[in-house]
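**Q** With the hints as constraints, model all of the structure from the sequences given.
The lines below spell out each chain.
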Amino acid sequence: MMLDWTLLAPDEDARDLAGTARALFRTLPGASAARAAIDNAAARAAIDNAAARAAIDNAAARAAIDNSAARAAIDQKDGAGDGSSAWSALVNAGYLDIAVPEELGGLGRMIDLVVVLEEAGRSLLTAPLLPTVLAVQTQVAAGIHRPETRSEPAGFALASGTVVGGRCFADRVPVLGGVDAATLTLVLRAPDQAWVVTLDGAADGVEILQTETLIDPSRPVAVVRLAGAPGRDLRPLASAEVDPVLARARVCAAADLVGIAAGALEAAVAHARQRQQFGALIGSFQAVKHQLADAYLAVERARSLTYGAAVALPADPTGLAGGATTGEPALSTRDSRLAYATAAEVAVQAAGRFIQILGAMGVTFEADGHLYLRRAHQMTSLFGAPDDHFLAAARMAWAAAGRDESVGRERVAVPSAGAAVRSTGEVGR
Amino acid sequence: MTAGVVAEFGAFLDDFLPRDYAENYQRYRRDVALRREYQAAAFDEGWLIPEWGRDEGGRNLDGPQALAVKLLGAQRRVPRLLNIQGAGVAAPAIRAFGTPEQRERLLRPAARGDEWWALGMSEPGAGSDLASLRTTATLVDDVFIVNGQKVWTTQADEARWCTLYVRTDPEAPRHRGISCLILDLSTPGVTVRPIRTAGPAIESFCEVFLDDVRVPRESLLGPLNGGWGVAVASLEHERDMIWINTWLETNRALDPALRAPEITDAQLVKLGRSLADAEGLRLTGLRTAAQRWAGISSPAWLTLKLLGSESVQRAALLSLEVAGPQALVDPAIFDERLESLGATIYGGTSEIQRDIIAERALGLPKGRS
Numbered sequence: 001m002m003l004d005w006t007l008l009a010p011d012e013d014a015r016d017l018a019g020t021a022r023a024l025f026r027t028l029p030g031a032s033a034a035r036a037a038i039d040n041a042a043a044r045a046a047i048d049n050a051a052a053r054a055a056i057d058n059a060a061a062r063a064a065i066d067n068s069a070a071r072a073a074i075d076q077k078d079g080a081g082d083g084s085s086a087w088s089a090l091v092n093a094g095y096l097d098i099a100v101p102e103e104l105g106g107l108g109r110m111i112d113l114v115v116v117l118e119e120a121g122r123s124l125l126t127a128p129l130l131p132t133v134l135a136v137q138t139q140v141a142a143g144i145h146r147p148e149t150r151s152e153p154a155g156f157a158l159a160s161g162t163v164v165g166g167r168c169f170a171d172r173v174p175v176l177g178g179v180d181a182a183t184l185t186l187v188l189r190a191p192d193q194a195w196v197v198t199l200d201g202a203a204d205g206v207e208i209l210q211t212e213t214l215i216d217p218s219r220p221v222a223v224v225r226l227a228g229a230p231g232r233d234l235r236p237l238a239s240a241e242v243d244p245v246l247a248r249a250r251v252c253a254a255a256d257l258v259g260i261a262a263g264a265l266e267a268a269v270a271h272a273r274q275r276q277q278f279g280a281l282i283g284s285f286q287a288v289k290h291q292l293a294d295a296y297l298a299v300e301r302a303r304s305l306t307y308g309a310a311v312a313l314p315a316d317p318t319g320l321a322g323g324a325t326t327g328e329p330a331l332s333t334r335d336s337r338l339a340y341a342t343a344a345e346v347a348v349q350a351a352g353r354f355i356q357i358l359g360a361m362g363v364t365f366e367a368d369g370h371l372y373l374r375r376a377h378q379m380t381s382l383f384g385a386p387d388d389h390f391l392a393a394a395r396m397a398w399a400a401a402g403r404d405e406s407v408g409r410e411r412v413a414v415p416s417a418g419a420a421v422r423s424t425g426e427v428g429r
Numbered sequence: 001m002t003a004g005v006v007a008e009f010g011a012f013l014d015d016f017l018p019r020d021y022a023e024n025y026q027r028y029r030r031d032v033a034l035r036r037e038y039q040a041a042a043f044d045e046g047w048l049i050p051e052w053g054r055d056e057g058g059r060n061l062d063g064p065q066a067l068a069v070k071l072l073g074a075q076r077r078v079p080r081l082l083n084i085q086g087a088g089v090a091a092p093a094i095r096a097f098g099t100p101e102q103r104e105r106l107l108r109p110a111a112r113g114d115e116w117w118a119l120g121m122s123e124p125g126a127g128s129d130l131a132s133l134r135t136t137a138t139l140v141d142d143v144f145i146v147n148g149q150k151v152w153t154t155q156a157d158e159a160r161w162c163t164l165y166v167r168t169d170p171e172a173p174r175h176r177g178i179s180c181l182i183l184d185l186s187t188p189g190v191t192v193r194p195i196r197t198a199g200p201a202i203e204s205f206c207e208v209f210l211d212d213v214r215v216p217r218e219s220l221l222g223p224l225n226g227g228w229g230v231a232v233a234s235l236e237h238e239r240d241m242i243w244i245n246t247w248l249e250t251n252r253a254l255d256p257a258l259r260a261p262e263i264t265d266a267q268l269v270k271l272g273r274s275l276a277d278a279e280g281l282r283l284t285g286l287r288t289a290a291q292r293w294a295g296i297s298s299p300a301w302l303t304l305k306l307l308g309s310e311s312v313q314r315a316a317l318l319s320l321e322v323a324g325p326q327a328l329v330d331p332a333i334f335d336e337r338l339e340s341l342g343a344t345i346y347g348g349t350s351e352i353q354r355d356i357i358a359e360r361a362l363g364l365p366k367g368r369s
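Chains as they are written, first to last, in the numbering used here: chain A, 1 to 429; chain B, 1 to 369.
Worth flagging that the hints you see were computed from the coordinates, not collected in a lab.
The beta carbon of each residue, even a glycine, is placed where N, CA and C say it ideally should be.
Please note that the accuracy of each hint is not assured.
As the list claims (entries may be wrong) - Coverage of chain A stretches by chain B, computed from C-beta distances (three or more under 8 Å per stretch; other residues unrestricted):
no.	stretch
1	267-277
2	281-291
3	382-390
Unchecked claim - Every beta carbon over 10 Å from chain B, so not counted as near; a handful from chain A, in silico:
no.	residue
4	Ala23
5	Asp97
6	Gly106
7	Asp192
8	Arg232
9	Thr364
**A** Laid out in structure tokens, this is it:
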């Protein structure tokens with residue numbers, strides 16, 4: 001398969017889209033709202049504690065709430081708008097429709113969606129764009145997308161679970177965007193089978209166990225139990241089909257993470273260009289500039305892999321016929337893992353470098369470093385550490401190379417469904 | 001259009017390369033006769049530097065077509081040129097800066113590999129800090145009298161010519177007093193001494209002593225005291241070839257790991273990272289080329305040398321690790337590891353690359369303290 005390279009440099013349409021998205025996201029709740037959300041969560045946690053202990057603490061916690069509420073109000077005065085108007089802005093801008101097939105009312109290509117998500121990550125957007133996009137794109141890949149899903153915030157999760165007679169069972173699933181979601185799209189895996197399922201958020205048997213979770217309350221994760229909840233739309237998958245179905249979601253997650261990394265790096269560079277010590281700008285010191293150069297290289301590598309994976313996705317998103325046994329899904333599956341893994345890694349790295357380069361300011365609540373770091377770690381906690389994905393991608397390539405002695409003449413050949421162990425041994429499961 | 005050109009080049013390769021080339025690549029890789037014949041044949045057919053005009057020995061291909069041809073060459077692992085810096089660095093510099101007489105005399109044999117070239121840049125006191133070079137050339141009656149020493153000069157013992165960077169204006173600030181001379185290495189006063197490398201390097205490595213060497217004025221390449229511009233342009237000219245080569249070398253270094261009968265999970269994680277390196281390198285190369293063709297300015301291409309050289313090293317290290325005791329009896333594995341160590345040094349060390357990225361891509365202030 002020959003890649004159309006011109007698509008790797010986003011064209012004028014995509015660049016316009018990215019520019020508009022960036023301008024819009026600047027007016028929507030971002031870093032300040034993220035801080036307020038974290039503040040709120042901490043304050044509520046403090047209340048819970050306090051209620052069990054002493055009333056004095058309660059007062060402090062309330063003060064914290066008031067404080068954050070005040071900050072949120074300031075944000076709104078700055079044109080931030082509240083959560084629901086931010087959501088309307090995203091829907092009105094048509095961002096949920098991108099990379100959805102035209103016959104389902106969508107338009108545009110995955111590369112367009114990638115540049116928009118990158119901007120959302122960069123601006124620390126708090127509105128539930130990413131979870132809804134992950135849900136929509138997974139529905140599209142599984143062939144169960146309903147256009148009306150795109151008008152309401154959706155939650156998304158990967159989980160162990162099962163479906164029996166159309167009813168879903170899963171315990172304690174952390175669902176990104178699962179608080180106040182109209183629908184939940186889950187990829188449920190049992191040992192020998194899997195399902196993509198969309199449920200009504202309010203359906204019987206959908207139990208929200210926890211609405212507040214740690215790491216990044218500004219992009220809330222709910223803990224949900226499915227106790228026989230009826231699946232509204234359901235697509236059973238063979239185990240080997242799960243990977244290619246997830247390729248689109250992984251590319252979207254990678255785009256968000258590239259944006260997070262780029263945002264952190266840009267902020268770190270801006271600081272290094274104005275902070276003076278020892279009579280010089282700290283950005284002139286090699287110990288600083290080499291850290292930032294390494295982060296830049298890693299951002300660009302992850303961005304290239306993400307754009308490449310976006311462009312390499314099969315033209316027919318529901319083209320699972322033959323699924324993992326045809327070349328394109330296998331390659332795009334591998335590429336999507338490499339994109340996600342490198343993007344997740346650099347998001348964590350760049351956020352860490354930003355914090356380090358800010359010095360003591362870096363570990364304060366008011367600096368943005370922890371906001372980028374929270375986003376990055378929330379993603380790796382939900383969708384896997386980079387090494388897990390490097391391992392899975394390598395296993396595919398290694399298994400394929402064992403069968404194909406022409407390695408080097410072409411790109412990695414096609415692995416057959418499910419096979420990951422070379423016939424000569426059990427090593428390297 | 002591009003597909004047709006690529007298919008035509010593929011047919012040329014099918015025709016030229018031995019049938020068992022892919023299977024016995026490790027042996028053919030060091031086949032000097034095959035490598036020499038390949039360069040001449042590819043040049044004669046216009047495939048070696050296909051973006052050049054037909055009268056210069058190219059095919060007048062546009063950027064995307066030429067890149068597609070070079071990528072196919074890397075995928076098929078075409079024989080490595082015997083004297084890479086001749087076709088890759090000296091020829092483009094002569095083409096860009098040479099007089100009509102210099103181009104007429106030197107271009108074709110350099111590109112075809114008939115006459116080899118050395119690059120006279122580093123000196124004992126001027127490595128990464130090239131602008132501090134001290135070899136002097138004094139113009140006396142239309143002849144430059146050259147005195148000094150060059151070092152780490154690849155293939156100076158076998159080359160006919162050398163692009164020699166010399167100080168022609170001792171009064172001018174560092175970069176401004178340097179010129180590039182075309183030195184015939186058989187000139188009296190030139191002494192070349194090979195330096196033994198740590199491993200069996202594919203190319204020899206030399207020091208060059210210059211004692212009252214007389215170079216005619218018409219052998220000046222580019223403007224007098226304009227040598228820095230020639231150096232920068234000639235090293236940046238083949239930026240696509242540089243990443244394509246390191247991409248090929250990374251893939252080659254990964255072969256033993258990919259083909260290993262056994263591999264641990266920890267090694268698979270590293271393999272995954274190396275696959276991301278290789279694919280990230282290829283895609284960054286393509287993406288930045290696409291940006292260039294679309295007229296989009298982006299400094300991302302500045303990462304290619306650093307990423308490529310570190311990718312090769314990580315891949316070679318992994319394959320050595322995966323090989324276990326097999327590395328003690330398979331010469332390809334440790335040699336690949338040793339060879340890879342030069343990648344982060346030659347053509348601008350990784351430390352200098354990071355400075356360049358920080359200053360040119362990120363806009364950080366100059367300084368090395």
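**Q** Checking each numbered hint in turn, tell me which of them this model violates, lowest number first.
**A** Checked against the structure, no hint fails, so every one of them is satisfied.
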